[in-house]
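J.: So you can see what is in the structure, the chains are spelled out below.
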Amino acid sequence: MSPVLAGVLQLLALMAALSLAYVPLGTYMAKVYSSDRHLRIEKWIYRGIGVNPNVRMSWPAYLRGVLAFSAVGVLLLYLLQRLQGVLPLSLGFRSIEPAQAFNTAASFVTNTNWQSYAGEQAMGHVVQTAGLAVQNFVSGAVGIAVAVALVRGFAATRAGALGNFWADLVRGVVRILLPIAMIAAIVLVAAGALQNFSGIHAVGQFLGGSQQWNGGAVASQEAIKELATNGGGYFNANSAHPFENPTPFTNLFEIFLILVIPFALTRTFGIMVGSVRQGYAILATMVTIWVGFVALMMWTEFAHHEGALRLAGGAMEGKEVRFGVGASSIFAVSTTLTSTGAVDSFHSSFTGFGGGIALLGMMLGEIAPGGVGSGLYGILIMAIIAVFIAGLMVGRTPEYLGKKIRTREIKLAAVYILITPALVLVCTAVSMALPSARHSMLNPGAHGFSEILYAFTSASNNNGSAFAGLNANTDWFNTMTGLAMLFGRFLPMVFVLALAGSLAEQQPVPVTAGTLRTEKPLFTGLLVGAILIIVGLTYFPALALGPLAEGLAS
Amino acid sequence: MNNSLRNTARLLGAGLRALLVLTLVTGVVYPLVVTGVAQAFFPGKANGSRVGADGKVVGSSLIGQSYDLPSTKGDQPPAPDLKWFQGRPAHGLGTNTVNTRYKLLVSGATNLAADTKALREQVEAARAAVVEDNSVPGYTVEPSDIPADAVTSSGSGLDPDISPQYARIQVHRVAVRNGLPVERVAKLVEEHTQGRTLGFMGEPRVNVLALNTALRDLTA
Chain A
1 MSPVLAGVLQ LLALMAALSL AYVPLGTYMA KVYSSDRHLR IEKWIYRGIG VNPNVRMSWP
61 AYLRGVLAFS AVGVLLLYLL QRLQGVLPLS LGFRSIEPAQ AFNTAASFVT NTNWQSYAGE
121 QAMGHVVQTA GLAVQNFVSG AVGIAVAVAL VRGFAATRAG ALGNFWADLV RGVVRILLPI
181 AMIAAIVLVA AGALQNFSGI HAVGQFLGGS QQWNGGAVAS QEAIKELATN GGGYFNANSA
241 HPFENPTPFT NLFEIFLILV IPFALTRTFG IMVGSVRQGY AILATMVTIW VGFVALMMWT
301 EFAHHEGALR LAGGAMEGKE VRFGVGASSI FAVSTTLTST GAVDSFHSSF TGFGGGIALL
361 GMMLGEIAPG GVGSGLYGIL IMAIIAVFIA GLMVGRTPEY LGKKIRTREI KLAAVYILIT
421 PALVLVCTAV SMALPSARHS MLNPGAHGFS EILYAFTSAS NNNGSAFAGL NANTDWFNTM
481 TGLAMLFGRF LPMVFVLALA GSLAEQQPVP VTAGTLRTEK PLFTGLLVGA ILIIVGLTYF
541 PALALGPLAE GLAS
Chain B
1 MNNSLRNTAR LLGAGLRALL VLTLVTGVVY PLVVTGVAQA FFPGKANGSR VGADGKVVGS
61 SLIGQSYDLP STKGDQPPAP DLKWFQGRPA HGLGTNTVNT RYKLLVSGAT NLAADTKALR
121 EQVEAARAAV VEDNSVPGYT VEPSDIPADA VTSSGSGLDP DISPQYARIQ VHRVAVRNGL
181 PVERVAKLVE EHTQGRTLGF MGEPRVNVLA LNTALRDLTA
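Going down the list, the protein sequences come from chains A and B. For the first sequence, the residue numbers in full-length UniProt numbering are 1 to 554. For the second sequence, the residue numbers in full-length UniProt numbering are 1 to 220.
If you are wondering where the hints come from, they were derived from the structure by calculation, not from laboratory data. For clarity, every value in this text was computed on a predicted model and none was experimentally measured. Quick reminder that beta carbons are idealized off the backbone N, C-alpha and C, glycines included. Treat the hints with care, as some may be off.
[Unchecked claim] To spell it out: a stretch of chain A is covered by chain B in this simulated footprint if at least three of its residues, at any positions, have a beta carbon under 8 angstroms from a beta carbon of chain B; those stretches are: (1) 185 to 192; (2) 254 to 261; (3) 487 to 493.
[What the hints assert, rightly or not] Below, computed lysine to any residue pairings styled on SDA-like, alpha-carbon distance capped at 25 angstroms: (4) K56/B - Q211/A; (5) K117/B - G313/A; (6) K117/B - H439/A; (7) K56/B - S210/A; (8) K31/A - M272/A; (9) K83/B - L543/A; (10) K117/B - L543/A; (11) K31/A - V25/B; (12) K117/B - S440/A.
Kindly produce the complete structure, drawing on both the sequences and the hints.
T.: Structural data, given as structure tokens:
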């Protein structure tokens with residue numbers, strides 16, 4: 001069997017597994033967020049928090065909950081790192097320096113998991129397990145909560161509230177992320193992933209001498225890191241490390257975990273707005289883009305070799321033998337089209353076009369299928385833009401899911417799609433103008449520019465992957481990517497929740513002969529087109545200077 | 001004003017309590033339960049898939065290691081011990097060092113771009129070394145036969161595997177150095193070649209540590 005065929009079969013197997021999970025998981029999540037019942041453990045948790053989970057919140061109240069919870073998260077994670085030196089179970093690692101601690105705290109609370117540190121050299125058990133892995137859960141649950149709030153805005157039939165943030169947060173953790181992560185972690189251990197709390201210890205080698213390992217709760221962190229589209233590796237090499245991702249099976253399984261919730265949320269959405277076909281149209285958009293990107297990535301990684309890769313006879317630099325080119329391409333596309341950023345191979349050493357495809361995936365706003373929650377609200381914003389464009393063409397007030405898209409709604413959607421490009425392009429431009437920031441580049445020329453463009457694209461879109469040659473552990477990059485992550489996460493959420501509030505106040509309008517049928521393939525085509533054109537126009541100049549220049553030079 | 005301050009404080013208090021409670025659930029109970037299950041049912045795997053030979057641990061089946069001659073001069077890169085099968089180059093290992101307290105196994109890739117002189121030079125040097133090291137009287141390695149994994153660094157820098165083709169290239173040299181028939185060593189490589197999982201997942205590969213361990217058994 002040729003490696004290309006094996007790659008295609010792995011893609012098909014993945015699609016089959018995702019299809020099997022789609023209906024049960026999507027339906028289950030809709031029940032979780034629609035139910036009026038509380039589990040006993042949830043009641044204990046609400047009592048611990050001191051909130052009433054039955055209070056329905058207006059959008060400002062919901063937003064205040066999101067922001068307060070996240071602010072506390074940044075502060076606590078920052079303190080945990082700053083105090084590492086005096087905490088127990090820290091394996092003797094020092095406290096993290098302020099700029100890096102801020103960067104890492106912002107990174108994990110925003111579901112980005114950009115890492116300017118090497119896990120095995122910097123973080124002990126307490127920070128990894130009770131700090132970083134906790135944010136893997138809760139930042140994912142916050143993302144899903146905000147998406148569900150927006151869906152409730154569409155579904156609300158009268159001046160309505162958006163639900164209760166604390167209930168959505170706790171249910172996301174307790175009923176969705178925790179049970180799946182628990183099973184997934186055990187599957188990973190059974191396949192060879194590490195899971196212990198041993199300290200740093202020496203292990204003998206074949207020709208004598210020893211290597212020093214640090215043990216840790218790797219599998220439990222790996223499971224949630226993929227499932228909640230976080231992506232922060234226990235080790236520096238992330239999911240390329242054999243202790244995180246030991247076999248070809250775990251590799252596919254981890255890609256499955258990355259994609260399963262974001263895809264299934266389209267069904268949750270369909271059920272909650274009362275038409276699963278609306279969910280299918282969104283799903284079809286996501287799948288079209290995802291499969292298209294995988295095909296492009298496989299083409300360039302298998303066939304379009306330049307420079308050193310042509311010399312080597314294959315694009316194996318930064319890739320593991322057990323995964324090979326095909327599976328690594330699927331992983332790279334899946335991690336950058338979601339907000340994950342975990343890597344099983346190193347994007348900086350991909351072909352010029354391959355690195356560009358990873359970049360473009362993030363630039364689309366990570367909506368195909370996107371991060372948990374953030375992918376759904378991101379693509380719904382694009383759907384509003386697409387409906388608006390269609391409305392302009394026929395001169396009719398646009399509607400989506402029975403709600404009118406008026407001036408206020410389109411303003412909120414337009415500001416949403418401007419935030420991340422503004423962050424990416426301004427931060428990249430300023431960095432390129434600073435000699436000290438340029439000094440952080442590992443590679444010369446177009447690729448060096450791509451390293452910085454990739455860093456801010458990754459941070460602002462809350463991805464977390466990197467052209468990792470860039471030395472990002474400087475005050476400039478720690479501070480600027482930290483701010484880009486915070487603004488790139490929470491500003492969009494402000495506009496999403498404002499939009500949700502505005503939609504929830506509207507009476508639904510009846511469907512007429514003039515209504516654009518947003519559950520039909522025509523709309524899927526329109527949406528794919530709108531996404532590609534808007535993002536293409538925004539980023540083309542920057543892409544031309546980086547990956548396109550590199551890919552075309554060969 | 002006073003009222004809104006009080007409300008903010010109350011909200012932050014709720015946020016803090018929520019985080020502490022969820023930390024208990026996801027940061028303490030969850031990892032401990034997973035660790036408990038892992039240690040009860042898969043202790044070997046949960047502790048790093050160590051492999052032993054003659055009652056001694058010789059490493060992990062998942063972690064690549066080097067098979068070098070003892071270093072003679074301090075700062076010279078050690079030379080490969082050609083008696084043994086060699087793994088992939090590992091130029092990326094140990095970069096981004098921030099903590100030098102331990103001699104830790106640090107993972108990492110080179111992150112070099114395809115169009116850089118540095119990566120071209122690494123590939124060229126590795127290719128020349130593969131030809132030189134593995135060509136023995138009666139068998140010359142053709143540069144066009146060398147697979148990509150033999151001349152590139154992996155993502156983790158700890159890749160435990162090589163492609164079957166790279167293993168086959170090393171067969172003649174290993175046979176000569178160990179005084180074994182070529183067919184015997186070739187058979188050893190065949191026996192240690194793992195196909196794709198279920199026929200389509202990943203790529204065929206040979207675990208270098210397992211291969212060398214079997215080789216040592218053969219020569220002992």
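J.: Hints first: check each against the structure and report whether it holds.
T.: Hint-by-hint comparison with the structure:
With 6 residues having a beta carbon nearer than 8 angstroms to a beta carbon of chain B, the region 185 to 192 of chain A meets the requirement of three or more and the stated coverage holds. With 0 residues having a beta carbon nearer than 8 angstroms to a beta carbon of chain B, the region 254 to 261 of chain A misses the requirement of three or more and the stated coverage is violated. With a cut-off of 8 angstroms between beta carbons, the region 487 to 493 of chain A has 0 residues touching chain B; three or more are needed, and the interface restraint is violated. The hinted pair formed by K56/B and Q211/A meets the criterion: a straight-line CA distance of about 14 angstroms does not exceed 25 angstroms.
Proposed proximity of K117/B and G313/A is supported: the alpha carbons are some 16 angstroms apart, at most 25 angstroms. This hinted pair checks out: K117/B and H439/A have alpha carbons roughly 18 angstroms apart, not beyond 25 angstroms. Proximity of K56/B to S210/A is assessed by CA-CA distance (about 12 angstroms); at most 25 angstroms being required, the pair is judged to hold. Using a Cα cut-off of 25 angstroms, the hinted pair K31/A and M272/A holds, with the two alpha carbons roughly 9 angstroms apart.
A threshold of 25 angstroms between alpha carbons decides the hint, and for K83/B with L543/A the separation of about 49 angstroms lies outside it, so the pair is violated. Among the hinted pairs, K117/B with L543/A is consistent with the structure: their alpha-carbon atoms are about 23 angstroms apart, no more than 25 angstroms. Taken as a hint, the K31/A and V25/B pair is honoured in the structure, with Cα atoms around 22 angstroms apart against an allowance of 25 angstroms. Taking the CA atoms of K117/B and S440/A, the gap is near 18 angstroms; set against the 25 angstroms cutoff, the hint holds.
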